[in-house]
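Participant: Okay, here's what each chain looks like letter by letter:
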Amino acid sequence: MAFRPRRALAVFWKDFLDLRKNVGLLVSMAVLPTVMVLVPIGVVWSYVRTPNHADLRSVALFYDPSLPLGASAARFLIDKTLTDWFGMFLVMPVFVPILIASQSVAGEKERRTLEPLLASPVTAAELVTGKSLAALVPAVAITWVAFVFFCVGVDVVAWPLVKMPLMPDALWTFGVFVIAPLFAFFGNGVAVLISARVSEARMAQQLSALVVLPIVGMVGGQVAGFLKAGLGYYALQGAVVLVLDAILLWASIRLLDRERLVSRWG
Amino acid sequence: MSGIHVEGLGKRFGERTAVEGLSFHVRPGEVFGLLGPNGAGKTTTVRMLTGLLRPSEGEATVWGHPVDGDGEPLRKVVGLLTEQPGLYDRLTARENLRFFMKLHELDEARAWPRALHYLERFGLGGREEEPVGGFSKGMRQKLAIVRTLVHDPKVIFLDEPTSGLDPESARTVRDAVAELASEGRTIVLCSHNLAEVERLCERVAVVKRRLLAIGPVKELRRAGHALDVRVDGEAERYRNVLTSLPFAPNVLAEGARLRVMLADEAHAPDVVACLVGAGARVHSAVPAQRPLEEVYLELLREGRG
Ligand SMILES: Nc1ncnc2c1ncn2[C@@H]1O[C@H](COP(=O)(O)OP(=O)(O)OP(=O)(O)O)[C@@H](O)[C@H]1O
Ligand SMILES: [Mg+2]
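Just so you know, the sequences run in chain order V and E.
Count the first sequence with this note's numbering and you get residues 1 to 266, in order.
Count the second sequence with this note's numbering and you get residues 1 to 305, in order.
Keep in mind that the hints were calculated from the coordinates and are not lab data.
Part of the chain V face toward chain E, derived, beta carbon under 10 Å: (1) 14; (2) 18; (3) 116; (4) 122.
Bear in mind the structure is a predicted one, so any value in this text is a computation, not a measurement.
Every residue, glycine too, gets a C-beta built ideally from N, C-alpha and C.
Work out the full structure: start from the sequences and follow the hints.
Facilitator: What follows is the structure in structure tokens.
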């Protein structure tokens, strides 16, 4: 069973075309990056506005009791916010492919388009590749575009206080270009696997979306002061997700069986 | 090995047997009918023959390709019109067709005029840039048929091709089916529409989980014989004497006419003798062709027993 890239690209072409015409999905996809960009800019701005507020120092000391007396608490908190927010930012590359892939795999079943598709020469591997590309490309593109807005926004807002560009820094650059695609691959893999088993796009979306919870939970741990984020911390997360990605890839190739897909109660 | 060869094909879904012991051959260039009531296993059979479902038993080849192989060469030569049109609503008619041209790795510059020819033929000319979501049920069905044909398939499976079509469109589709067959393609047509099967198919298989009968439509009709008898007065009076005959024929009475179904032509004189014995004045007794529907219903009754 040869893998024909042209057929995988055909699936990608069709799904991408369909996505461009799916206004509802585009709107829900746009909400997340907007929030992801605006919230941290707002937080940074609030620190910049009142850099000498006495309470900032208490907050900073809560996270780091060894903060030197001469250091600016506002600056410390801005750095901490930016570092912690990357964990939250990762929700976007996970969630966007879930939105798209659930629609595109379970949606084919729901709208009864899967059977004619499976009766064409396309193989299961080509189908999964095409559909995954159609979910990953927009997800990674949106993440990168949001990253650009984020950098510009943060630098503009922080300028009066720090007088130098804070973004992009090493952590975010590495994170957005290396870790985020790994997370996108993970979200897509989960959505494809779940979509192949359930018959409704909505159900696939809701089930797959649960994988976002651990990510949000980790960020909660950072804010509560239990976890200390940094480049090494995120690189470790990335390594774990890389392993999960490999498992998902193996599972989707094994489990995506024509018969199971076409059966009504598969 | 061209055409379709099916040998002992069966499919179980858990406890339920959808199809069992199905055997038949379809010659290249033939239009073959698969006739059966709801749930008879027609769609399941077609799915097995297009490589979508793996048979639980038996084997089959379609245009020389085994249906339980990797399936890719098989899917290249077959065209399947599924029960539901299964189109992408947000895409235009043209985009829907282009997608399948790409999946078949066709040269679109060559394949598109062919598709356009069928679109026009089915009255969809000029609508190709509209999103399919706005199409009527019949228009979708017709577009799905065009999609089945984009790659110029050798073997075409049509699962109820005229369902949802108005009489005129149904006729267009039937004409197209006849034309495709005349081009040497092999066509399998699933239907419960007897008139359609009768008009288009050279041979028919009547199925209800198992194969109940198979043969040319003409022969199936003769599978039982009928005798049309005209008597004086109410024919109804003679029904009981006839049904009490040793070979217990099925009898319909209408006005002065009796229609007697016979398993064997040789019983015709006995019927006449019996009527005369019961005091009937017999004006005429002629062998009759039974409509396919009657044969079909009778086969289904037998199939149940
Ligand atoms: N994927 C499946 N899982 C379980 N049972 C199935 C499946 N597909 C079909 N069946 C069962 O197999 C039997 C035959 O179904 P099939 O769809 O082949 O009938 P059909 O002849 O096409 O009927 P119709 O005329 O209504 O289209 C039915 O009892 C059906 O419930
Ligand atoms: Mg059916």
